[in-house]
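**Student:** Given these sequences and hints, build the entire structure.
Protein chains in written order, with this note's numbering: chain P, 1 to 299; chain A, 1 to 489; chain U, 1 to 281.
Bear in mind the hints are in silico, worked out from the structure with no lab data behind them. Don't take every hint at face value.
Residues from chain U that keep clear of chain A, each with C-beta distances beyond 12 Å, as calculated [as the list claims (entries may be wrong)]:
| id | residue |
| --- | --- |
| 1 | S2 |
| 2 | T9 |
| 3 | F18 |
| 4 | T26 |
| 5 | K32 |
| 6 | R84 |
| 7 | Q87 |
| 8 | K93 |
| 9 | K100 |
| 10 | V114 |
| 11 | D121 |
| 12 | E193 |
| 13 | D199 |
| 14 | L212 |
Computed spacing ranges between beta-carbons, pair by pair [unchecked claim]:
| id | chain 1 | residue 1 | chain 2 | residue 2 | range |
| --- | --- | --- | --- | --- | --- |
| 15 | A | Q38 | U | E211 | 48 to 56 Å |
| 16 | A | I5 | P | A22 | 20 to 28 Å |
| 17 | P | R227 | A | T360 | 28 to 36 Å |
| 18 | A | K255 | U | D224 | 13 to 21 Å |
| 19 | U | G64 | A | K156 | 35 to 43 Å |
| 20 | U | H68 | P | I205 | 47 to 55 Å |
| 21 | U | S66 | A | G138 | 32 to 40 Å |
A quick note: this is a predicted structure, and the numbers were derived from the prediction, not measured. Each residue gets a CB set at the ideal place from its N, CA and C atoms; glycine is no exception.
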Amino acid sequence: MAYPNLKDIAPIDEVGVKERAARYQKRSLKGETKLSALKLAVTMLDITTLEGKDSPGKVKQMCRKAMCPITSDPSIGPAAAVCVYPSLVKVAKTAVGDSGVQVASVATAFPSGQSRMRERLTEIKYAVAEGADEIDMVISRGKFLTGNYRGIYDEVAKCKEACGDAHLKVIIETGELETLDNIRIASELSMAAGADFIKTSTGKISPASTLPFTLVMLQSILDYYERTGIMVGMKPAGGIADAKLALQYLVMVKEMLGKKWLTNKWFRFGASSLTNDLLMQLEKQRTGLYQGGDYFSKD
Amino acid sequence: MYDFINGNEYAPAPESTAIVNIKKKYGLYIGGKWVDAQGKKTFETINPANQQVLSKVADASKADVDAAVKAARKAFEGEWSSISGAERGKYLYRIARILQERSREFAVLESMDGGKPIRESRDIDIPLVAAHFFYYAGWADKLDFAFPGAGIGGQKVKPVGVVGQVIPWNFPLMMAAWKIAPALASGNTVVLKPAETTSLTALLLAEVIEEAGVPAGVVNIVTGAGDTGKFVVGHPDVNKVAFTGSTCVGKHILKSVAGTDKSYTLELGGKAAHIIMDDAAIDQAVEGIVNGIFFNQGHVCCAGSRLLVQEGVADKVVKKLQKRMETLIVGNPLDKNTDIGAINSKEQLAKIKSLVKTATKEGATVWQPGTSVPRKGNFYPPTLILDCAQSHTVVQEEIFGPVLTIQTFRTVNEAVEKANNTQYGLSGGVWSDKGAKVFKLTDNVKAGIMWANTYNAFDPASPFGGFKESGIGREGGLHGLYPYVKFNA
Amino acid sequence: MSRLKVKKTYKLYIGGKFPRSESGRTHALLDKKGDVIANIAKASKKDLRNTVVATRKAQAGWQGASPHLKGQILYRLAEMLEGRKAQFISVLKESGMSEKSAIKEVEKSVDALVYYAGWSDKFQAIYSSVNPVSSPHYNFSAPVPTGIVGVVLDDKAGLYGIVSQMAPVIVGGNSTLLVVPSKWATVAMELAEVIHTSDVPGGVVNVLTGELPDMVPTLSGHMDVNAVAVCSSDNELRKSVRELGAENVKRVVFRDNSKGNLSPYPIMDFQEIKTTWHPVG
Chain P
1 MAYPNLKDIA
11 PIDEVGVKER
21 AARYQKRSLK
31 GETKLSALKL
41 AVTMLDITTL
51 EGKDSPGKVK
61 QMCRKAMCPI
71 TSDPSIGPAA
81 AVCVYPSLVK
91 VAKTAVGDSG
101 VQVASVATAF
111 PSGQSRMRER
121 LTEIKYAVAE
131 GADEIDMVIS
141 RGKFLTGNYR
151 GIYDEVAKCK
161 EACGDAHLKV
171 IIETGELETL
181 DNIRIASELS
191 MAAGADFIKT
201 STGKISPAST
211 LPFTLVMLQS
221 ILDYYERTGI
231 MVGMKPAGGI
241 ADAKLALQYL
251 VMVKEMLGKK
261 WLTNKWFRFG
271 ASSLTNDLLM
281 QLEKQRTGLY
291 QGGDYFSKD
Chain A
1 MYDFINGNEY
11 APAPESTAIV
21 NIKKKYGLYI
31 GGKWVDAQGK
41 KTFETINPAN
51 QQVLSKVADA
61 SKADVDAAVK
71 AARKAFEGEW
81 SSISGAERGK
91 YLYRIARILQ
101 ERSREFAVLE
111 SMDGGKPIRE
121 SRDIDIPLVA
131 AHFFYYAGWA
141 DKLDFAFPGA
151 GIGGQKVKPV
161 GVVGQVIPWN
171 FPLMMAAWKI
181 APALASGNTV
191 VLKPAETTSL
201 TALLLAEVIE
211 EAGVPAGVVN
221 IVTGAGDTGK
231 FVVGHPDVNK
241 VAFTGSTCVG
251 KHILKSVAGT
261 DKSYTLELGG
271 KAAHIIMDDA
281 AIDQAVEGIV
291 NGIFFNQGHV
301 CCAGSRLLVQ
311 EGVADKVVKK
321 LQKRMETLIV
331 GNPLDKNTDI
341 GAINSKEQLA
351 KIKSLVKTAT
361 KEGATVWQPG
371 TSVPRKGNFY
381 PPTLILDCAQ
391 SHTVVQEEIF
401 GPVLTIQTFR
411 TVNEAVEKAN
421 NTQYGLSGGV
431 WSDKGAKVFK
441 LTDNVKAGIM
451 WANTYNAFDP
461 ASPFGGFKES
471 GIGREGGLHG
481 LYPYVKFNA
Chain U
1 MSRLKVKKTY
11 KLYIGGKFPR
21 SESGRTHALL
31 DKKGDVIANI
41 AKASKKDLRN
51 TVVATRKAQA
61 GWQGASPHLK
71 GQILYRLAEM
81 LEGRKAQFIS
91 VLKESGMSEK
101 SAIKEVEKSV
111 DALVYYAGWS
121 DKFQAIYSSV
131 NPVSSPHYNF
141 SAPVPTGIVG
151 VVLDDKAGLY
161 GIVSQMAPVI
171 VGGNSTLLVV
181 PSKWATVAME
191 LAEVIHTSDV
201 PGGVVNVLTG
211 ELPDMVPTLS
221 GHMDVNAVAV
231 CSSDNELRKS
241 VRELGAENVK
251 RVVFRDNSKG
261 NLSPYPIMDF
271 QEIKTTWHPV
281 G
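**Tutor:** Laid out in structure tokens, this is it:
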């Protein structure tokens, strides 16, 4: 781990990024390609609930969905993880058991990050102690936007340390960083400080994940990998509601990073409603019929 | 085989050809009627992706061209001159609308006849064609505002008359639109000759023009090869010649019209420098390089065919470019995933191959990605030529294919010197994050179109045309009207 | 006791210097009575070639000079010409003009220079455009000078012909070679002296006198000349310039000297429209 040389980072042209992202959207996936991509997408889901009204009952049902997305076809899924608040980690961990579904927890004064570092680290340790396999932290965007990049690096490094064996996903909150140059710098700082994943958004701020944001983060991951040999994962979250868009993300990952990254070890979707849309598309591929919402469980 | 994770290719996603109805045979569109060429001469037009014959097209003789010019003259002296600018504009609006409605049909036909990927014909060519008609439609009744001071001394803005237009095969329908729309908007009538290998969309455009109710003789389409073009350009009753094509043919045209009163516009070849400074947005620059040279198989007169990279970032840029090129899909033009379609003709393919061979002979290094290229049909992989010097043949000659030469430089002035060290001056590209440097470069490179931090962007409102041997006059935008009018008392 | 008049030697004007023709050839210019007015230098092919080199050298600097400065210099030309009015009237009369016509000729010429001086920082605004493209780009088109422009004059030129053809070329930032037939050689070389003393950088305007057939084919075929204005209605001349000019796609414009109407359009004949794109985002 070393503080990155930010001067080596090339500037980013926003219009160019948008054009590039739009071109990925022109790829047309058909037949076997589409079917295998949809199945892959299901296994990359971090099925998420992050609401004040979350309860053990809600979380248990969601865990069932993650383990077995569609009862009639056990070959589909399971999802990669469930993502909950720290207080519900234990419930989730119990529910998923040894299914292989990971339990992720947001921490570090999610979603704003506006608390003392001590409390934020304590929250991580609490979630890990409760059984979380993965921690989704937020960076201090206020600190970032004042130019205190060293501060961001330090806080990510401390969080990584607090995680112990748990994987750390760093949410840079793209919607608040606003520019693609900021997104690139935040990605570089996070990776250099030890992030296992970089993640676009909390889902509480709009815009959340977009293809251009993700493109810039994927490019950072690629450049970091080529520089250091270290693979870092990517998790777009928020705003990915339909299967078509999800597949466009996967095309981008495949064409930019290659098939190495096409596993849930290195790529995740942070989403909730995406699950059923993927399942509906899979069913459409199987039956040839367009599907209706009532035929899919809403857990 | 088409497994998303492990497959190297996507499952085929072909655009359906059911939407186009290609006739067995096409005549000439003269004076509002479809007629056979005299002597019923025809030639075959083929699909360059699979060598299948698509149709037979009339081969216009001198007499046919003469009939077309007569029809154009008659329409110019008659009906077309008697209607107002506003009404003229309405015909163009109609054409634009019909083109939008039938856009997919045009896109598919363009890709079948010319070999360009459906992604481009569908998303770039045809939308720009409709937009071009829509843009110039609006000028038809506003010409008095287009030329400041032209009305001084009782002068009026008048059309030049009958315009002879000869267009190339790289953007068949788009070039037809660039020629016809401003000509008609300013009150001229036209005789247009599409390229021999790509006549079909121009003929379908004639159907649209017919459907739009444009008076007979205002637009005449004569198909044929070089000789037909010579007849159009050389016809004594043509008032203006508009040509897009090679510099070599352009020079012949200049000589042939030398002793006449004909006015002319020429849009000729290019060998554009694409300059990457070390402070550029490198990843977007790489994408710009790809758009610059691999768009339309590199069959683009304004292609960014000479890459000039500042030495400090040269390795990085080339490495990223190569990685990007590995993902380019070469294949069936009608597949929605195809990035690089078919080379337009066997002759062009042979020319590209021979120039690349020359590069090797002259000591440059040829690099191509591992991309699979269909064995059948005219295909050529995206290609880099590394270790180039200014004196290499491939650096000097227009290749007109998916082949990029790469040179390095150290300073802005060196980049400018290399960029300008050519007979051409059509376009250029510049990538830098520093505004002052961008303008220094765009100001000093002698070219008609400068793309800064972007490349190969087109718009009907934006003038297009070159300096030096890249041509004379502009097409598109306000400035594209000028060649189609004269100021007369 | 009558004083013997000191006659002037008329040479060429190349790159801000007044050399003789490298060929050493001259042409005796006669007045109506058949007396020798002057021995005019007859420029050769080689002179023309050397002149193009000098013109190219001057071009970048002149193109880069500020529009304000170009206006100042053209206005300065007008001032200098006005100041030498009497001299020009006298030379024009020697060349066969009546006094009345000569006065008018000089005045019109001065006024033409003032007219074009004023355009130096205006025509660009009128003939440029910010193009409303439908993509996230800022896009503008503006005229930039074509480069080296040869101006071929014929026997109808007169002072006004020369000045009114030269002014729009140089005010637009081009450098020029004026190719002047012997008939107007003295007038042209007097003008060269005005140019020389008016802060016009050396090489921006060059004057070659002599026989058109000695110079025009070389000019027309020269690969480093970007444009030619043929100010003559001689169809054979026009045709040959275009034919030879095709070799480097020269911009060849035909002009009629007699008209000489003042307008910005002659400036635009030797401007290239350059369009620049930049993303907004």
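**Student:** State for each hint whether it applies.
**Tutor:** Results of checking the hints against the structure:
1. Non-interface status of U:S2 relative to chain A is upheld: no Cβ of that chain comes within 12 Å, the nearest being about 51 Å off.
2. Interface exclusion of U:T9 from chain A stands, the closest Cβ pair being 38 Å apart, more than 12 Å.
3. Distance to chain A confirms U:F18 as a non-interface residue, since its nearest Cβ pair spans about 31 Å, more than 12 Å.
4. Remark: the non-interface label on U:T26 is consistent with the geometry, its nearest Cβ contact in chain A lying 33 Å away (cut-off 12 Å).
5. With a least beta-carbon separation of about 36 Å from chain A, U:K32 lies farther than 12 Å from that chain, consistent with its non-interface assignment.
6. Non-interface call for U:R84 relative to chain A: holds, since the shortest CB-CB distance, roughly 31 Å, exceeds 12 Å.
7. The Cβ of U:Q87 sits about 33 Å from the closest Cβ of chain A, beyond the 12 Å cut-off, so the non-interface label holds.
8. Annotated as non-interface, U:K93 keeps its C-beta farther than 12 Å from every C-beta of chain A; the closest such distance is 31 Å.
9. Annotated as non-interface, U:K100 keeps its C-beta farther than 12 Å from every C-beta of chain A; the closest such distance is 25 Å.
10. Distance check for U:V114 against chain A: the nearest CB is about 18 Å away, which clears 12 Å, and the non-interface claim stands.
11. Residue placement check: U:D121 keeps its beta carbon more than 12 Å from all beta carbons of chain A (closest about 16 Å).
12. The Cβ of U:E193 sits about 33 Å from the closest Cβ of chain A, beyond the 12 Å cut-off, so the non-interface label holds.
13. Here U:D199 stays apart from chain A, with its beta-carbon at least about 24 Å from theirs, past the 12 Å limit.
14. With a closest Cβ-Cβ approach of about 17 Å to chain A, U:L212 is found to remain outside the 12 Å limit, as its non-interface label requires.
15. In this structure the hint that A:Q38 and U:E211 lie 48 to 56 Å apart at CB holds, the actual value being about 50 Å.
16. For A:I5 paired with P:A22, a C-beta distance near 24 Å keeps the hint of 20 to 28 Å intact.
17. At roughly 33 Å, the beta-carbon separation of P:R227 and A:T360 lies within the given 28 to 36 Å, and the hint holds.
18. In this structure, A:K255 and U:D224 meet the distance hint of 13 to 21 Å, their C-beta atoms being roughly 20 Å apart.
19. Range check, U:G64 to A:K156: about 38 Å between beta-carbon atoms, so the 35 to 43 Å window is met.
20. About 52 Å separates the C-beta atoms of U:H68 and P:I205, a value consistent with the hinted range of 47 to 55 Å.
21. Range check, U:S66 to A:G138: about 37 Å between beta-carbon atoms, so the 32 to 40 Å window is met.
Violated hints: none; the structure is consistent with every hint.
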